[in-house]
Amino acid sequence: MRVRDIAERLGLTWEGDGEREVLRVAPLDTAGSGELAFANSRRALRDAQSSSAGCLLVPLEFPNPGGRTLIRAKDPRAACAKVIPWLHPVPQPPRGIHPAALIGADCDIAAGVSIGPLCVVGDGVRIGSGSVLYPGVHVYPGVEIGERAVIHSGAVIGADGFGFVFEDGRYSKFPQVGRVVIGNDVEIGANCTIDRAALGVTSIGDGSKLDNLVHIAHNCRIGRHVVIAAQTGLAGGTVIEDYAVIGGQVGMGDNVTVKSGAVVGSGAGILSSKVLRGGEVWWGTPARPLKEYLETLANVGRLPQLRREVEELRRRLEELEKPRGS
Amino acid sequence: MRVRDIAERLGLTWEGDGEREVLRVAPLDTAGSGELAFANSRRALRDAQSSSAGCLLVPLEFPNPGGRTLIRAKDPRAACAKVIPWLHPVPQPPRGIHPAALIGADCDIAAGVSIGPLCVVGDGVRIGSGSVLYPGVHVYPGVEIGERAVIHSGAVIGADGFGFVFEDGRYSKFPQVGRVVIGNDVEIGANCTIDRAALGVTSIGDGSKLDNLVHIAHNCRIGRHVVIAAQTGLAGGTVIEDYAVIGGQVGMGDNVTVKSGAVVGSGAGILSSKVLRGGEVWWGTPARPLKEYLETLANVGRLPQLRREVEELRRRLEELEKPRGS
Amino acid sequence: MRVRDIAERLGLTWEGDGEREVLRVAPLDTAGSGELAFANSRRALRDAQSSSAGCLLVPLEFPNPGGRTLIRAKDPRAACAKVIPWLHPVPQPPRGIHPAALIGADCDIAAGVSIGPLCVVGDGVRIGSGSVLYPGVHVYPGVEIGERAVIHSGAVIGADGFGFVFEDGRYSKFPQVGRVVIGNDVEIGANCTIDRAALGVTSIGDGSKLDNLVHIAHNCRIGRHVVIAAQTGLAGGTVIEDYAVIGGQVGMGDNVTVKSGAVVGSGAGILSSKVLRGGEVWWGTPARPLKEYLETLANVGRLPQLRREVEELRRRLEELEKPRGS
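Residue numbers (the numbering used here), protein chains in the order written: chain C, 1 to 326; chain B, 1 to 326; chain S, 1 to 326.
The hints are simulated quantities; they were obtained by calculation from the structure and are not laboratory data.
Note that the structure is predicted; figures quoted are calculated from it, not measured.
Some clues are possibly wrong.
[What the hints assert, rightly or not] Short derived list, chain C residues pointing at chain B, Cβ under 8 Å:
no.: 1; residue: Val90
no.: 2; residue: Phe162
no.: 3; residue: His215
[As the list claims (entries may be wrong)] 30 Å max Cα-Cα, derived DSS-like pairs, lysine-lysine:
no.: 4; chain 1: S; residue 1: Lys322; chain 2: S; residue 2: Lys274
no.: 5; chain 1: B; residue 1: Lys173; chain 2: S; residue 2: Lys82
no.: 6; chain 1: B; residue 1: Lys274; chain 2: S; residue 2: Lys74
no.: 7; chain 1: S; residue 1: Lys291; chain 2: C; residue 2: Lys291
no.: 8; chain 1: B; residue 1: Lys82; chain 2: C; residue 2: Lys322
no.: 9; chain 1: S; residue 1: Lys274; chain 2: C; residue 2: Lys74
no.: 10; chain 1: S; residue 1: Lys274; chain 2: S; residue 2: Lys291
no.: 11; chain 1: B; residue 1: Lys322; chain 2: S; residue 2: Lys322
no.: 12; chain 1: C; residue 1: Lys173; chain 2: B; residue 2: Lys82
no.: 13; chain 1: C; residue 1: Lys274; chain 2: B; residue 2: Lys74
no.: 14; chain 1: B; residue 1: Lys291; chain 2: B; residue 2: Lys274
no.: 15; chain 1: B; residue 1: Lys291; chain 2: B; residue 2: Lys259
no.: 16; chain 1: C; residue 1: Lys173; chain 2: C; residue 2: Lys291
no.: 17; chain 1: S; residue 1: Lys259; chain 2: S; residue 2: Lys274
no.: 18; chain 1: S; residue 1: Lys274; chain 2: C; residue 2: Lys291
no.: 19; chain 1: B; residue 1: Lys173; chain 2: B; residue 2: Lys74
no.: 20; chain 1: S; residue 1: Lys291; chain 2: B; residue 2: Lys274
no.: 21; chain 1: C; residue 1: Lys274; chain 2: C; residue 2: Lys291
no.: 22; chain 1: B; residue 1: Lys259; chain 2: B; residue 2: Lys274
no.: 23; chain 1: S; residue 1: Lys259; chain 2: C; residue 2: Lys74
no.: 24; chain 1: S; residue 1: Lys173; chain 2: C; residue 2: Lys82
no.: 25; chain 1: C; residue 1: Lys291; chain 2: B; residue 2: Lys322
no.: 26; chain 1: B; residue 1: Lys173; chain 2: S; residue 2: Lys322
no.: 27; chain 1: C; residue 1: Lys259; chain 2: S; residue 2: Lys173
no.: 28; chain 1: S; residue 1: Lys173; chain 2: S; residue 2: Lys274
no.: 29; chain 1: C; residue 1: Lys259; chain 2: C; residue 2: Lys274
no.: 30; chain 1: C; residue 1: Lys173; chain 2: B; residue 2: Lys173
no.: 31; chain 1: C; residue 1: Lys291; chain 2: C; residue 2: Lys259
no.: 32; chain 1: S; residue 1: Lys74; chain 2: B; residue 2: Lys173
no.: 33; chain 1: B; residue 1: Lys291; chain 2: C; residue 2: Lys274
no.: 34; chain 1: C; residue 1: Lys173; chain 2: B; residue 2: Lys322
no.: 35; chain 1: B; residue 1: Lys291; chain 2: S; residue 2: Lys173
[To be verified] Quick list of the computed label-pair ranges, beta carbon to beta carbon:
no.: 36; chain 1: S; residue 1: Leu60; chain 2: B; residue 2: Leu290; range: 31 to 37 Å
no.: 37; chain 1: B; residue 1: Gly278; chain 2: S; residue 2: Arg42; range: 54 to 60 Å
no.: 38; chain 1: S; residue 1: Gly169; chain 2: B; residue 2: Gly18; range: 50 to 56 Å
no.: 39; chain 1: B; residue 1: Leu290; chain 2: S; residue 2: Ala110; range: 23 to 29 Å
no.: 40; chain 1: C; residue 1: Pro289; chain 2: S; residue 2: Phe166; range: 21 to 27 Å
No residue lacks a Cβ here, since even glycine has one placed at the ideal position from N, Cα and C.
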């Protein structure tokens with residue numbers, strides 16, 4: 001595709017050599033003359049000036065003193081996401097149920113679903129149209145999965161929640177007879193584990209996205225359009241409301257509530273039953289609003305100086321305590 | 001079942017409408033008129049008063065001014081665990097070895113075991129009676145699993161421990177020729193990894209329960225009736241004694257010892273070779289007794305105030321330092 | 001083998017009963033009269049004196065007043081790694097592609113590779129000679145794996161990176177059309193997840209070793225001879241240079257750079273875009289050089305004392321502030 005074709009199809013303006021042929025999209029640091037690269041972050045914008053990319057996809061205000069060939073976009077990364085499928089084959093898993101998948105009894109699996117080899121789908125599972133189960137996904141009995149969901153290899157949906165009763169010196173299982181309900185347009189990363197509810201439902205709302213190795217315990221309720229990065233774990237009964245963004249390696253105790261639109265920084269730890277206000281960034285363990293967290297960090301960092309100040313006050317005080325006239 | 005039938009079968013007393021029909025057990029917040037719900041935690045007890053549940057399972061001292069239909073129990077959650085199987089089908093994986101499971105040579109697999117499809121059981125594995133391997137469990141050669149163990153999908157038992165020798169600028173493997181021995185009544189969550197010992201044995205004692213995505217390194221020895229929550233990881237040679245309770249996302253270095261009955265809070269980090277006393281709650285990184293940890297947190301939280309106090313002392317000192325009579 | 005045979009084959013000297021028969025290698029604490037055990041750490045050297053092992057493999061300077069039978073080595077653990085295969089069968093997975101593995105179209109799989117049952121290898125995958133895929137490894141299309149690589153059960157190589165574009169209140173996928181390239185002599189632990197690049201390549205260099213449940217996001221570049229312990233996660237675009245050593249449960253944000261030879265302590269958290277100098281040990285969250293981290297810990301630990309000192313200064317100041325002569 002020529003630069004001008006790409007720009008026109010995006011509805012955007014271009015500068016430089018509109019006839020230039022673009023063969024591929026590539027990362028900024030390796031892109032060559034036949035390749036398009038986008039620049040978004042401050043660092044990328046600095047690097048873009050020296051990039052060898054044949055065409056740059058840059059923000060509207062990007063300075064172009066050298067007359068580089070480029071396309072301007074309000075959101076270059078979003079624009080790039082549109083260009084990639086025009087120039088690259090985006091692998092699509094084949095539709096249908098692979099003969100080496102195992103499907104249980106009484107399942108309701110829509111037409112157009114893709115279920116890869118070595119998936120095991122238990123009895124009574126429902127999967128909506130357009131959903132993709134990559135090879136080796138395990139779905140326990142009774143789980144419901146919406147439309148256009150994408151579940152990566154090794155994910156386990158619907159295993160028993162972790163609930164036990166301690167009596168007479170031993171643990172016995174609290175029966176885990178609830179379900180898992182996954183909405184439309186949900187993506188679940190490789191090797192995630194989403195446990196069934198003890199009673200009732202563990203749910204993941206429409207449009208939510210989970211990275212790899214995320215753990216969702218029994219009876220969690222995750223709202224719509226929630227993002228959870230890799231290796232985060234939620235204990236039982238935790239509620240994440242719509243549009244929350246949860247970083248990686250976050251740990252939440254039982255019955256936490258993360259209100260709509262809250263952002264939880266990577267590595268944060270949230271104690272059981274805590275409620276995190278929405279529209280706020282939370283960080284640290286125990287999680288606090290970002291501003292408080294940074295103040296605490298700064299205060300701790302200044303401890304050596306505080307110690308020196310106290311030492312100095314002591315010396316001056318001793319000076320004053322000396323008997324006059326001596 | 002009628003309320004009175006449930007109470008009688010539990011050996012407990014009931015109040016209100018003993019003839020009321022209970023169809024299901026449900027979570028407190030969604031339970032309706034035909035459903036029983038239990039209340040245990042302080043929050044649940046508050047919510048119970050306004051619950052629509054047809055029957056409540058509550059502690060002995062629960063006030064009942066409104067004359068609700070209820071059953072009193074010393075441990076309502078434990079009582080509920082008994083009721084659930086009377087009212088709900090608790091899914092039981094079918095006995096026997098699924099034809100799509102792969103079983104190695106020289107295995108000793110007891111009658112009555114359930115091995116799901118796509119399990120891979122290596123040569124020389126021993127599995128005791130009543131144990132369940134959900135679909136897709138991987139058991140490397142030579143592993144021993146006791147009776148009534150439950151292992152969820154995606155768990156990998158007996159992979160090589162992570163041991164290498166660094167020589168001449170490269171790592172070569174320290175041969176991992178030990179075994180894994182798992183006791184009776186152990187439960188292992190989805191996608192856990194339990195490595196074989198380098199030499200000797202990695203072991204998990206009778207009655208211990210592991211949540212999902214737990215990592216147990218080579219040569220760890222976990223005692224009896226230990227509970228380990230999700231995403232916790234133990235490095236090589238760590239020993240967890242009987243009845244310890246380990247929270248989620250805990251990390252332990254090499255050769256840690258957690259003494260019998262110790263409790264380690266979620267997210268704690270324990271340095272190599274540390275010994276955590278039993279009968280104590282440990283928290284934070286590096287892990288300390290809970291009281292110390294809370295004091296430290298409080299002290300850090302009061303740092304801004306301490307800084308202000310030092311500032312005030314300085315001002316007062318300056319006042320005193322001024323020459324008299326000026 | 002006799003003690004003298006082992007010593008000679010290692011090119012080392014022995015003391016005591018050279019004719020003694022050694023049947024096995026065993027851990028120091030359980031080794032009996034027919035067994036050899038090595039001692040390396042300070043604790044092990046203390047324990048070695050009372051060990052019942054028939055033969056000890058010890059450092060050159062190990063005191064031997066009791067005239068124990070032993071072999072002296074510069075690096076006893078490395079020497080032991082050589083002895084183990086002489087006395088123990090080291091399980092070797094069978095060569096070839098197991099009939100229950102699924103191999104895609106247009107793959108280039110070298111002779112002598114071992115691919116276990118229930119591995120799923122996507123289209124266009126390349127695997128170099130001598131590599132081992134244990135049962136149940138998932139390799140997405142287009143992945144390249146070098147020679148003598150070892151990949152344990154449940155690992156997922158080449159799943160989509162976690163990249164989304166947020167527009168009009170919902171997330172849509174940033175197409176993940178890049179690849180994964182894994183070098184020679186790489187080992188990847190059970191249930192690891194290595195995502196494909198969005199554009200370009202996610203790579204793991206020759207000789208690097210990953211423990212279980214490690215997460216490597218899209219576009220990470222891991223150098224040669226890097227070690228990463230269990231449950232560590234790297235976000236997108238992070239670069240780990242050669243010979244770095246990364247502990248367990250470490251979390252790194254986007255675009256971190258860990259310079260060659262750096263050591264990152266277990267549980268550390270590294271903020272996005274940080275650069276960690278090489279030849280240094282980093283610890284804590286946010287990660288600092290070890291010395292700084294320990295100082296901070298110590299300062300926080302001394303806070304109660306600092307508070308008492310400030311209190312004392314206040315009292316003495318109040319004394320001075322009292323009007324003279326009163």
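Each hint, compared with the structure:
1. Val90: 27 Å, violated
2. Phe162: Holds, because the Cβ-Cβ distance from Phe162/C to chain B comes to roughly 4 Å (cut-off 8 Å).
3. His215: 5 Å, holds
4. Lys322/S <-> Lys274/S: Violated. Lys322/S to Lys274/S sits at ~54 Å, over the 30 Å cutoff.
5. Lys173/B <-> Lys82/S: 10 Å, holds
6. Lys274/B <-> Lys74/S: 27 Å, holds
7. Lys291/S <-> Lys291/C: Cα-Cα ~26 Å, so holds.
8. Lys82/B <-> Lys322/C: This hinted pair is violated, its Cα atoms lying about 77 Å apart.
9. Lys274/S <-> Lys74/C: Between Lys274/S and Lys74/C the Cα gap is close to 27 Å, so the pair holds against 30 Å.
10. Lys274/S <-> Lys291/S: Measuring from Cα to Cα gives roughly 18 Å; hence the hint holds.
11. Lys322/B <-> Lys322/S: 15 Å, holds
12. Lys173/C <-> Lys82/B: 10 Å, holds
13. Lys274/C <-> Lys74/B: 27 Å, holds
14. Lys291/B <-> Lys274/B: Holds, because 18 Å separates the two Cα atoms, which is no more than 30 Å.
15. Lys291/B <-> Lys259/B: Holds. Lys291/B to Lys259/B sits at ~18 Å (cutoff 30 Å).
16. Lys173/C <-> Lys291/C: Violated - the C-alpha atoms of Lys291/C and Lys173/C are around 43 Å apart, more than 30 Å.
17. Lys259/S <-> Lys274/S: 11 Å, holds
18. Lys274/S <-> Lys291/C: Holds, at roughly 20 Å.
19. Lys173/B <-> Lys74/B: Violated, at roughly 54 Å.
20. Lys291/S <-> Lys274/B: Holds - the C-alpha atoms of Lys274/B and Lys291/S are around 20 Å apart, at most 30 Å.
21. Lys274/C <-> Lys291/C: Answer holds: Lys274/C to Lys291/C is near 18 Å, not above 30 Å.
22. Lys259/B <-> Lys274/B: Cα-Cα ~11 Å, so holds.
23. Lys259/S <-> Lys74/C: 35 Å, violated
24. Lys173/S <-> Lys82/C: Satisfied, since the Cα-Cα distance of roughly 10 Å is no more than 30 Å.
25. Lys291/C <-> Lys322/B: 39 Å, violated
26. Lys173/B <-> Lys322/S: 74 Å, violated
27. Lys259/C <-> Lys173/S: 24 Å, holds
28. Lys173/S <-> Lys274/S: 27 Å, holds
29. Lys259/C <-> Lys274/C: 11 Å, holds
30. Lys173/C <-> Lys173/B: Violated, at about 40 Å.
31. Lys291/C <-> Lys259/C: 18 Å, holds
32. Lys74/S <-> Lys173/B: Given pair Lys74/S, Lys173/B holds - Cα atoms ~18 Å apart, limit 30 Å.
33. Lys291/B <-> Lys274/C: 20 Å, holds
34. Lys173/C <-> Lys322/B: With Cα atoms ~74 Å apart, Lys173/C and Lys322/B exceed 30 Å; violated.
35. Lys291/B <-> Lys173/S: Distance of about 46 Å is beyond 30 Å: violated.
36. Leu60/S <-> Leu290/B: 31 to 37 Å: Distance hint for Leu60/S, Leu290/B is violated at roughly 45 Å.
37. Gly278/B <-> Arg42/S: 54 to 60 Å: The hint (54 to 60 Å, Cβ to Cβ) is violated, given that Gly278/B and Arg42/S are roughly 25 Å apart.
38. Gly169/S <-> Gly18/B: 50 to 56 Å: Check passed, 52 Å falls within 50 to 56 Å.
39. Leu290/B <-> Ala110/S: 23 to 29 Å: Once the Cβ atoms are compared, 55 Å apart, the range 23 to 29 Å for Ala110/S and Leu290/B is violated.
40. Pro289/C <-> Phe166/S: 21 to 27 Å: Check passed, 23 Å falls within 21 to 27 Å.
Violation of the numbered hints given earlier is confined to hints 1, 4, 8, 16, 19, 23, 25, 26, 30, 34, 35, 36, 37 and 39; the remaining hints are satisfied by the structure.
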